Amino acid sequence: QVQLVESGGGLVQAGGSLRLSCAASGRIVSINAMGWYRQAPGKQRELVATITSGGSTNYADSVKGRFTISRDNAKNTVYLQLSSLKPEDTAVYYCNAEIPFYHMNYWGKGTLVTVSS
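Per our numbering, the very first residue in the sequence shown carries number 1; after that it's consecutive.
Since the hints were made in silico from the structure, they are not lab data.
This one's a predicted model, so the numbers in the text were calculated from it and none came from an experiment.
Where hints are given, some of them may not hold.
[Stated by the list, open to error] In silico PhoX-like pairs for lysine-lysine, Cα to Cα no more than 25 Å straight-line:
hint, residue 1, residue 2
1, LYS86, LYS109
2, LYS86, LYS64
3, LYS75, LYS43
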């Protein structure tokens, strides 16, 4: 029905930047909130940032001022600009989309971000 595909992960040095993208495809009428979550090795998945269809954003305290979430509703795509990266930002980053037509939240398969010190 719906697929989310993330891209943009990779290896970057501490202090560097990356831009993640997540495109939703399939039979989509509308998308409510979209968001990014991450899971570091040995840790639980945690919220990074969310954005509503109207553009309201919410960030984890650990990324405020360094990460920026945005979306293009026409393209069903959400972005995450990661700046001033730290080794502790190393994780698999997952995209999430709340799609009201199916009353479901969908997840992507994740993209790995590795920050070297």
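We went through each hint and held it up to the structure:
1. LYS86 to LYS109: With a Cα-Cα distance of about 23 Å, the restraint between LYS86 and LYS109 holds, given a limit of 25 Å.
2. LYS86 to LYS64: holds, 13 Å
3. LYS75 to LYS43: Violated, at about 32 Å.
Taken one by one, the earlier hints fail for this structure only at number 3.
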